[in-house]
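Assemble the complex: chain A is given as a structure, and chains B, C and D must be docked to it using the hints.
There are 4 protein chains.
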Amino acid sequence: MTHEHTLHLDPRVRQEARNRLLSAKGHLEGILKMLEGEPYCVDVLKQIKAVQGALDKVGEMVLRSHLEHHVASAAVRGDTQRMVEELMEVLKYR
Amino acid sequence: MTHEHTLHLDPRVRQEARNRLLSAKGHLEGILKMLEGEPYCVDVLKQIKAVQGALDKVGEMVLRSHLEHHVASAAVRGDTQRMVEELMEVLKYR
Amino acid sequence: MTHEHTLHLDPRVRQEARNRLLSAKGHLEGILKMLEGEPYCVDVLKQIKAVQGALDKVGEMVLRSHLEHHVASAAVRGDTQRMVEELMEVLKYR
Amino acid sequence: MTHEHTLHLDPRVRQEARNRLLSAKGHLEGILKMLEGEPYCVDVLKQIKAVQGALDKVGEMVLRSHLEHHVASAAVRGDTQRMVEELMEVLKYR
Chain A
1 MTHEHTLHLD PRVRQEARNR LLSAKGHLEG ILKMLEGEPY CVDVLKQIKA
51 VQGALDKVGE MVLRSHLEHH VASAAVRGDT QRMVEELMEV LKYR
Chain B
1 MTHEHTLHLD PRVRQEARNR LLSAKGHLEG ILKMLEGEPY CVDVLKQIKA
51 VQGALDKVGE MVLRSHLEHH VASAAVRGDT QRMVEELMEV LKYR
Chain C
1 MTHEHTLHLD PRVRQEARNR LLSAKGHLEG ILKMLEGEPY CVDVLKQIKA
51 VQGALDKVGE MVLRSHLEHH VASAAVRGDT QRMVEELMEV LKYR
Chain D
1 MTHEHTLHLD PRVRQEARNR LLSAKGHLEG ILKMLEGEPY CVDVLKQIKA
51 VQGALDKVGE MVLRSHLEHH VASAAVRGDT QRMVEELMEV LKYR
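Line by line, the protein sequences give chains A, B, C and D. Counted the way the working numbering counts, the first sequence spans residues 1 to 94. Counted the way the working numbering counts, the second sequence spans residues 1 to 94. Counted the way the working numbering counts, the third sequence spans residues 1 to 94. Counted the way the working numbering counts, the fourth sequence spans residues 1 to 94.
Be a bit skeptical, because a hint or two may be false.
[What the hints assert, rightly or not] Taking lysine to aspartate or glutamate and the DMTMM-like style, the derived pairs with C-alpha atoms no more than 25 Å apart in a straight line are:
{"id": "1", "chain 1": "C", "residue 1": "57", "chain 2": "D", "residue 2": "29"}
{"id": "2", "chain 1": "A", "residue 1": "46", "chain 2": "A", "residue 2": "56"}
{"id": "3", "chain 1": "C", "residue 1": "25", "chain 2": "C", "residue 2": "43"}
{"id": "4", "chain 1": "B", "residue 1": "49", "chain 2": "A", "residue 2": "68"}
{"id": "5", "chain 1": "C", "residue 1": "92", "chain 2": "A", "residue 2": "16"}
{"id": "6", "chain 1": "C", "residue 1": "46", "chain 2": "D", "residue 2": "56"}
{"id": "7", "chain 1": "C", "residue 1": "25", "chain 2": "D", "residue 2": "38"}
{"id": "8", "chain 1": "B", "residue 1": "57", "chain 2": "B", "residue 2": "43"}
It is worth saying that the hints were derived from the structure and are not from the lab. Just so you know, these numbers come straight off a predicted model, no measurement behind them.
Bound-form chain A, shown alone (with noise of 0.2 Å):
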């Protein structure tokens, strides 16, 4: 979808998702490694479970500042409907 330029993710929140995306991958890389060898079962449903609360963590990193930058002001640009189907559409469960 193309934003006009203001609604892009704030630089600073942008930097540190990918650096926790970066040591997510590092992580997702270490299963790979787990399942070249005989891993119990539970030890690799952790692993997945570990990457997974990190990739929430970045989520919620971009969707506090969605909310900040863009969502709270929507009223005052006028877009309050699309900004508000696009969040309930991501906010869906899995």
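For chains B, C and D alone, kept in the frame of chain A given last:
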């Protein structure tokens, strides 16, 4: 946690889990690429959710295999308590 | 939390939420009835999950109304920080 | 699903589940009361989440009992496939 050789992840499930995790990793690299530009917050949130969904699928595969090959035969091995404790821990919400 | 009269739940949404919660309550009473007999565990789990689904729907309705009527105009009222903090708290995983 | 008498919910777990569901029902009635007035949206969301938390706890209790008393002995009874299918179904995200 060290386990007798019998409690390993089924080799076929292990291979499919590897393939799916490799694609999740590629997806995650896509988000990192996105964050080099000026992405719109909701687009980032959607991509994170897609990676979460892929990880959910891998988790479900490993869980099913564990239930079938290990938990269902716990009473025969005599390690029901440990199997149940581990499973309840890993099934808790993130 | 006391709020000026303007920050109330939209009356139409409030009525629909009441109706849905009344039916969720009836459903819950059904589970209680079930537990007077000798139910099979998985049947109980399915019924609990159905009530959770109904509560999810009510939550989604109230959230949508809150985003539309209150969060989207936070910048106009000047209470963006509080709106975002509250929302992040309530959106956290159970 | 009809089951031999052996596959019933453990009586002690059944009683505690009843008690917890009774209190969840009381809590739900509290939200209904709230909706008769002019509640603030986030207060309603918090109460719904609290009821869901209580239902999660009941679900966890019933699940633990099912794993211990039924799933762990599936290989002995010879109904592993059915036990696993049912469990995977009920464990899926709402």
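Here is how each hint holds up against the structure:
1. Using a Cα cut-off of 25 Å, the hinted pair residue 57/C and residue 29/D holds, with the two alpha carbons roughly 17 Å apart.
2. Distance restraint check for residue 46/A and residue 56/A: the Cα-Cα separation of roughly 15 Å lies within the 25 Å cut-off, and the hinted pair is therefore satisfied.
3. Taking the CA atoms of residue 25/C and residue 43/C, the gap is about 18 Å. The hint holds against a cut of 25 Å.
4. For the given pair, residue 49/B sits about 20 Å from residue 68/A by alpha-carbon distance, which is consistent with the 25 Å threshold.
5. A C-alpha spacing of about 20 Å is found between residue 92/C and residue 16/A, which places the hinted pair at or below 25 Å, so the restraint holds.
6. The straight-line distance between the Cα atoms of residue 46/C and residue 56/D is roughly 12 Å, inside the 25 Å bound, and the hint therefore holds.
7. For the hint pairing residue 25/C with residue 38/D, the CA-to-CA distance comes to about 21 Å; that is within 25 Å, so the pair holds.
8. Taking the CA atoms of residue 57/B and residue 43/B, the gap is about 22 Å. The hint holds against a cut of 25 Å.
In the structure shown, no violation is registered for any of the earlier numbered hints.
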